Amino acid sequence: MSAEPRPPTASGLSLDGVGHDYLRDGRPVPALAPVSLDIPAGQFACVIGPSGSGKTTLVRAMAGLLRPSRGTVRVGGAPVTGPPTGLAMVHQEYGRSLFPWKTVRDNVDLALLNSGRGQRDRRAAVTEALHLVGLPDVERAYPWQLSGGMQQRVAIARAVVAQPRILLMDEPFAAVDAQTRADLEDLVRDLWHRLPLTVVFVTHDIDESVYLGQRVVVLGRPPAGVRADVPVPLPDRRDQVTTRAAVEFTDLRAELYGQIAAAKLG
Amino acid sequence: MVIRELPSAATDLTEGPASDAPPRTVGRRRLRRAVVGTALFAGLPAALFALWWALSAGSTSFFFPPLSRIVDTFGTTWTPTRIGQDVLPSLVRLLAGFALAGVVGIALGVLIGSVPRLAWALGPTLAFLRAVPPPLLVPAIMLVLGIGDGMRITVVAVGCVWPVLLNTVDGVRSIDPLARDTVAGLHLSAVQRLRHLVLPAAGPRIAAGLEQALSLALVMVVISEMFAARDGLGRSILVFSQTFAIPAMWSGILLLGVLGILLAFGFRAVQRWALAWWFGATGAVR
Ligand SMILES: Nc1ncnc2c1ncn2[C@@H]1O[C@H](COP(=O)(O)OP(=O)(O)OP(=O)(O)O)[C@@H](O)[C@H]1O
Ligand SMILES: [Mg+2]
Numbered sequence: 001m002s003a004e005p006r007p008p009t010a011s012g013l014s015l016d017g018v019g020h021d022y023l024r025d026g027r028p029v030p031a032l033a034p035v036s037l038d039i040p041a042g043q044f045a046c047v048i049g050p051s052g053s054g055k056t057t058l059v060r061a062m063a064g065l066l067r068p069s070r071g072t073v074r075v076g077g078a079p080v081t082g083p084p085t086g087l088a089m090v091h092q093e094y095g096r097s098l099f100p101w102k103t104v105r106d107n108v109d110l111a112l113l114n115s116g117r118g119q120r121d122r123r124a125a126v127t128e129a130l131h132l133v134g135l136p137d138v139e140r141a142y143p144w145q146l147s148g149g150m151q152q153r154v155a156i157a158r159a160v161v162a163q164p165r166i167l168l169m170d171e172p173f174a175a176v177d178a179q180t181r182a183d184l185e186d187l188v189r190d191l192w193h194r195l196p197l198t199v200v201f202v203t204h205d206i207d208e209s210v211y212l213g214q215r216v217v218v219l220g221r222p223p224a225g226v227r228a229d230v231p232v233p234l235p236d237r238r239d240q241v242t243t244r245a246a247v248e249f250t251d252l253r254a255e256l257y258g259q260i261a262a263a264k265l266g
Numbered sequence: 001m002v003i004r005e006l007p008s009a010a011t012d013l014t015e016g017p018a019s020d021a022p023p024r025t026v027g028r029r030r031l032r033r034a035v036v037g038t039a040l041f042a043g044l045p046a047a048l049f050a051l052w053w054a055l056s057a058g059s060t061s062f063f064f065p066p067l068s069r070i071v072d073t074f075g076t077t078w079t080p081t082r083i084g085q086d087v088l089p090s091l092v093r094l095l096a097g098f099a100l101a102g103v104v105g106i107a108l109g110v111l112i113g114s115v116p117r118l119a120w121a122l123g124p125t126l127a128f129l130r131a132v133p134p135p136l137l138v139p140a141i142m143l144v145l146g147i148g149d150g151m152r153i154t155v156v157a158v159g160c161v162w163p164v165l166l167n168t169v170d171g172v173r174s175i176d177p178l179a180r181d182t183v184a185g186l187h188l189s190a191v192q193r194l195r196h197l198v199l200p201a202a203g204p205r206i207a208a209g210l211e212q213a214l215s216l217a218l219v220m221v222v223i224s225e226m227f228a229a230r231d232g233l234g235r236s237i238l239v240f241s242q243t244f245a246i247p248a249m250w251s252g253i254l255l256l257g258v259l260g261i262l263l264a265f266g267f268r269a270v271q272r273w274a275l276a277w278w279f280g281a282t283g284a285v286r
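Read top to bottom, the protein sequences are chains X and S. For the first sequence, counting from 1, position 152 maps to 152 in full-length UniProt numbering; every step adds exactly one. For the second sequence, counting from 1, position 14 maps to 14 in full-length UniProt numbering; every step adds exactly one.
Everything labelled a hint here was simulated from the structure, so no lab data went into it. All figures in this text were calculated on a predicted structure; none of them were measured in a lab. Virtual Cβ for every residue (Gly too), placed ideally from N, Cα, C. Please note that a few of the clues may not be correct.
What the simulated footprint calls covered on chain S by chain X, stretch by stretch (three residues with Cβ under 8 Å from a Cβ of chain X suffice, anywhere in the stretch; the number is not a length) [claimed, not checked]:
#1 74-83
#2 113-125
#3 271-283
Among the chain X residues that face chain S by a calculated CB cut under 7 Å, a handful are [claimed, not checked]:
#4 Arg-96
#5 Leu-110
#6 Ala-111
Build the full structure now, drawing on both the sequences and the hints.
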């Protein structure tokens, strides 16, 4: 695992036996077997697993949006009981998480409404966040006037504008085209380099997880929990062409592919 | 290499996000739709009017005078003085009652829509109240509030609150859970959630309810003025019919229809402005 020096303000995240059952018709349906994980401050961790393996359940528990049936999530050492401050989340469906009645600027500003900061100060922060994600000219547009990739950038700007210490992303790029996806992957790496962030990135895509992460956690079908947890032996500076051709990349991808295939079988 | 779907680069490119650049034919199609729309829109009422005119032209019936006579009477009946004395008070009551219904309907609707247990508890009561025909409420409301404007405004409000209330409840209930997750993660206060999520998200449904309420309000104001009224459009029409001023009575009914059209148009103009985002986002054409 490459150990880059991280600014000291990112927070770590730890899970202690976190598991969850949903109730369906009054009967518990296991969705996530107890997971114990420690994600140190400043790490970029990817979570993969077949469909239905509980990835969304896991990040929702981390985000304080779901109270797990078992176990405890801790952010910066404190147990999570509701959405913690300093934690931001980007959802898979940007179309549903951006508000169509607000302009891009006001959508991003939502994250600052309760910050106690003045309007002018917030406006400047919004402009800066939109610059950071490469969208300088769309402040007055509405989300539905933008392409999917641009909408997801807006969602990312909203996530980072309040300077969170932890960024959770649940399959954020599953719905955009390949080229846009590559650009957004590089954007997330770049943000992680520039900001004091711990990133937990959920994806279906094995290549994406290896390309992005310092570490890949593989979930199996419930009630399997964590099936594998492997470091990514790639250098810190990555790029779409050479990194994906590196032998470490292809080896790890092959290994994970085997893990996932086995996980699907149960 | 993907676990669930296996999108190759090629399929991914074709399945890219919808571009916002409209195809070239859209402009022409939109123009044609506008022309056809306008023709239907203005043409149908015009045709009905013409039909009424033609069919009633030779009428000798006392109760169904020729439309030409009704139109003649219209000018002499609805003088500016009379409009000031009878139509204006009706409009004021209508708008006051409508506004009251709007405020109460939206406030209660948001409350009921946000608290499932409340909806459950109030279900039977609301169903009961809704089943009472509003005209029957007039005598009861009169007993409590007397025969002044307060009573009439209340009658209008009680009669047209239902579509606002029920649509608001539905609108609030159908707010996307992901949108709720989003605001939960953004740490908004209850008031901020109301203002930035709940009201705008339920807005299109609330507007649909208000639109129905507005047409009901016109009916209700006329009904309210048929009981112990000194002025108002409803009273005028009642008096005309009781004094067998049949063409004047019909002209009053015609005026009601015209008012209905004007109110609907005014409402739509406001709706287009207030919900511009919705018309833009959904491409809805009305
Ligand atoms: N609200 C819910 N009620 C009942 N069962 C649920 C609910 N949400 C998820 N589940 C079940 O829990 C399991 C895990 O779901 P989850 O959404 O966490 O999986 P996932 O790994 O995110 O899948 P995907 O890759 O398809 O997004 C699934 O079997 C799913 O059917
Ligand atoms: Mg999921």
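Verification of the hints:
With a threshold of 8 Å between beta carbons, the proposed coverage of the region 74-83 of chain S by chain X is violated, since 0 of its residues qualify and at least three are required. Given as covered by chain X, the region 113-125 of chain S fails the check, having 0 residues with a CB less than 8 Å from a CB of that chain where 3 are the minimum. For a cut-off of 8 Å, the count of residues in the region 271-283 of chain S with a CB near a CB of chain X stands at 4, and the three-residue condition holds. At its closest, the beta carbon of X:Arg-96 sits 4 Å from a beta carbon of chain S; the interface hint therefore holds under the 7 Å criterion.
Look at X:Leu-110: its Cβ gets to within about 5 Å of chain S, closer than 7 Å, so that hint holds up. Restraint check, X:Ala-111 versus chain S: the minimum CB separation of about 5 Å is within 7 Å; hint holds.
The structure fails hints 1 and 2 (numbered hints given earlier, in ascending order).
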